[in-house]
Amino acid sequence: MLGAILLQATETTATTTAAQSVGAPVTAYWPVMIFFLVAIIFPVLPIVLGRFLRPMKYLKAKMRPYECGIDPETEAHDRFTVRYYIVAMLFLIFDVETIFLLPWAIIFMGDDFSFTKFALIEMFVFIAILIVGYYYAWRKGALEWA
Amino acid sequence: MFLSLAFQIAIPDPNVNVGLILPELIVGGVGVIVMLVDAFARPTQRWITGGLSLAGLGAAAAASVWMWLNWAGNPPRGFHDMIVLDELRLSFTLIFLFVSALTILISMVWVENEKLPAGEFHSLLLFATTGMMLMASGNDLVIIFLGLEILSIATYVMAGFRRTDLRSNESSLKYFILGSFSSAFLLYGIALIYGATTTTTGFPGTTNITAIAARLDIARYPALLFAGAAMMLVGFGFKIATAPFHVWTPDVYEGAPTPVTAFMAAGPKAAGFASFLRVFIFGFPFVAAAGWAAKANAAWVSAMIVLAIITMTVGNIVAIVQNNVKRMLAYSSIAHAGYALVGFIAAGAATDLDTRNSALAAVAFYMLTYSVMNLGAFAIVTLIARRNDRRTEVEDYNGIGFRAPALSFTLSIFLLSLLGLPLTAGFMGKVMVFSVALKEGFYALVVVAVLNTAVSAYYYLRLIIVMFFRERTTPWSAPRVPASVALAIIITVIGVFYLGLFPNKVIDAFQKKPVTAQALR
Amino acid sequence: MNAVPHLSWYLALSAVLFTIGVVGVIIKRNVISMFMCIELMLNAVNLTFVAFSSYFRDVTGQLFVFIVMTVAAAEAAVGLGIIIAIFRNRESLDVDDANVLKL
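Residue numbers (our numbering), protein chains in the order written: chain A, 1 to 146; chain L, 1 to 521; chain W, 1 to 103.
Watch out, some of these pointers could steer you wrong.
[Stated by the list, open to error] With beta-carbon atoms standing in for the labels, derived distance ranges:
| # | chain 1 | residue 1 | chain 2 | residue 2 | range |
| --- | --- | --- | --- | --- | --- |
| 1 | W | 26 | A | 44 | 16 to 24 Å |
| 2 | L | 351 | A | 31 | 36 to 44 Å |
| 3 | W | 23 | A | 58 | 28 to 36 Å |
| 4 | A | 129 | W | 29 | 36 to 44 Å |
| 5 | L | 483 | W | 89 | 32 to 40 Å |
| 6 | W | 23 | A | 51 | 16 to 24 Å |
| 7 | W | 6 | A | 33 | 35 to 43 Å |
| 8 | A | 106 | W | 6 | 51 to 59 Å |
[To be verified] Short derived list, chain A residues pointing at chain L, Cβ under 10 Å:
| # | residue |
| --- | --- |
| 9 | 58 |
| 10 | 61 |
| 11 | 126 |
| 12 | 128 |
| 13 | 129 |
| 14 | 132 |
| 15 | 136 |
| 16 | 138 |
| 17 | 139 |
| 18 | 140 |
It is worth saying that the hints were derived from the structure and are not from the lab.
Ideal Cβ placement from N, Cα and C applies to all residues, glycine included.
Start from the sequences, fold in the hints, and give me the full structure.
The following block contains the structure:
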């Protein structure tokens, strides 16, 4: 069974998290909610304050790109070159594959050292496959920009 | 230091039995090697990848035969019961390897002529094969889902392999959208089953198929069980192209490059059947006693009867009006899925182990015969289509019978086998499937299937008549037959007659009995 | 003491999300929108898995979610590739324009 692999991990953490995670999930998230609140207030407050405190004088020169900037040539809603999509595709794959490192890291240091060795080699195999894919994309020119 | 680690690796868990997934490892590993070779090889050495892939498939076949010969006793299981070794897996694994090897033979010269990247094609094909084999060997819904996605993602790319061709693009797009749509259905079914199999005695849910079968009666949410099974039925129904979930099939088969269509009609369909059988026959087995388990079994068997009848009828009747050979073969493949479902239903309703195993073997045999004749037919369609798949309309076959007699005659053999003429593989496959259904008492279903076979005579014979008895006005010269394609055609012709005349050996092998029989539940 | 939302709420939410996804795939004509609807369906499934997993304290469902997420990413990459290929050949992403193959 799949769950049996992670049993080790759940057993060690169950005692510490049982009270918060099962009994009252809403109260357990209070710190997160407060954090969200602060995160919203923090940028909004200076903007609102600045709106009331700043002097309102418009000059034509002030609307231009700041000092050393150049005037934009085209609209911002331009079509992106297809290379962005290719890089995005590659990024997506290699980024999300690292998700497998997370459960692996949890069970990595168990009591059983022979399992640790096995897990280490397994992960090297996994990463080797990823590197092969990366190298293939490189070799095929998917990473060339120009 | 890492080297020493690698040498003294003691596998801690008896469940991690690498030998149990040896064929999958070989095919997947060769796929990676083919990718690397493709990245390094000079363009003149591209044939290397084809040869390597064939060698890898051969090694995997040898590994599975070795596993087969060494297998005694209960089906061995490993990886925490996620992988199982039984006759269903082994027979389907050999079918997949056979299909892939033939696809490589058919496509080796085609890839060169069309100036497509051969290495990519072959590695994608090998990855798809790995996925198919995992689908057959998984005893856990996780493995089945993973295998299905490995297969599907590789096949989406293969369908769109002719990148500059609009038809190929569209085929790939449609396959992708509807394929992931159906995967989502399957996945929702799995999620509901996982939740439903939580027991009233406090065990959490499971995705293991053996455990699901044992939990049916003590499931906490029987209603979710039915919903989940229905969702999975829809998901698998899409994959094996049963009506009414077949609408993607003709478009995708027509637009994809012809060798890819040959592969898609044979391989992924068989793989879909393998895991469909695994999930429903072993996960929702027949039990004599009343209760949720019996109700679930009765429910899916009756749903499947309706599906089978619709699938056969729609496939055959719509095939009649097709003017494109690839579309016609696509509808024919839908109809054949319907015939194979007849055996599936018999396996689902089987009350004892022997009948069930013979029904499973009949379905596997049917998929083998269908793969053989289908690959043969598509090999010839590939040749006649020429560059860029231009000549695939029925008119393109006008009067070619006496200008390319060998090709047309061979194509006729395959068409007659698809129709189910005695002495051919198609006939034997149908006999096997229908006889197990008759043994289970599904008389009406078999009658419908036989009537459908009669209907299908129209469009198969029509193509033969077009080839031999229609006048051709435009000039036409026989295509050159490359050696690899000739080999593929010879193998399939021999296969058609061998399976048609001496099916016993294969059937016996497909239902090789373990020494101690496994309980039905 | 705050009440724990019952399991059925999560299941209902994921069923609704899944249905929105299904309907979206059927009625949307833009490939990217259809694709997003499929992702919505997959995430609805993930929600079901996580809900069951957390409610019955079992990790199998969470591991399944890991696998679904990676598979969804691989699918997204391949889907983007297909969409780029089709867009290079024909400057439109409307599936109604994808009509070379008759239905």
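Checked hints:
The supplied range of 16 to 24 Å is broken by residue 26 of chain W and residue 44 of chain A, whose beta-carbon atoms lie about 40 Å from each other. The given range of 36 to 44 Å is broken by residue 351 of chain L and residue 31 of chain A, whose C-beta atoms sit roughly 59 Å from each other. Distance hint check for residue 23 of chain W and residue 58 of chain A: the Cβ-Cβ separation is about 49 Å, which falls outside the suggested range of 28 to 36 Å. Checked against the hint of 36 to 44 Å, the C-beta distance between residue 129 of chain A and residue 29 of chain W comes to roughly 38 Å, which is consistent with it.
Separated by about 34 Å at the C-beta atoms, residue 483 of chain L and residue 89 of chain W satisfy the suggested range of 32 to 40 Å. As the Cβ distance of residue 23 of chain W to residue 51 of chain A is approximately 42 Å, the hint placing it in 16 to 24 Å is violated. Remark: the range hint 35 to 43 Å for residue 6 of chain W to residue 33 of chain A is contradicted by a beta-carbon distance near 21 Å. Judged by the Cβ atoms, the range 51 to 59 Å given for residue 106 of chain A and residue 6 of chain W is violated: they are separated by roughly 29 Å.
Interface restraint check for residue 58 of chain A: the shortest CB-CB distance to chain L comes to about 51 Å, outside 10 Å, so the restraint is violated. Here the hint on residue 61 of chain A is broken, as its CB sits about 51 Å from the closest CB of chain L, past 10 Å. Contact between residue 126 of chain A and chain L, as hinted, is not supported at the beta carbon level, the nearest pair being about 12 Å apart and thus beyond 10 Å. Of the supplied interface hints, the one on residue 128 of chain A holds, with its beta-carbon coming within about 9 Å of a beta-carbon of chain L, less than 10 Å.
At a threshold of 10 Å, the smallest CB-CB gap from residue 129 of chain A to chain L is about 6 Å, leaving the interface hint in force. Hint on residue 132 of chain A holds. Least Cβ distance to chain L is approximately 6 Å, under the 10 Å limit. Annotation: residue 136 of chain A was flagged as interfacial toward chain L, and the flag holds, the nearest CB pair being 5 Å apart, inside 10 Å. About 9 Å separates the beta-carbon of residue 138 of chain A from the nearest beta-carbon of chain L, less than 10 Å, and the hint is met.
At its closest, the beta carbon of residue 139 of chain A sits 4 Å from a beta carbon of chain L; the interface hint therefore holds under the 10 Å criterion. The restraint placing residue 140 of chain A at the interface with chain L holds, with a minimum CB-CB distance near 7 Å, inside the 10 Å limit.
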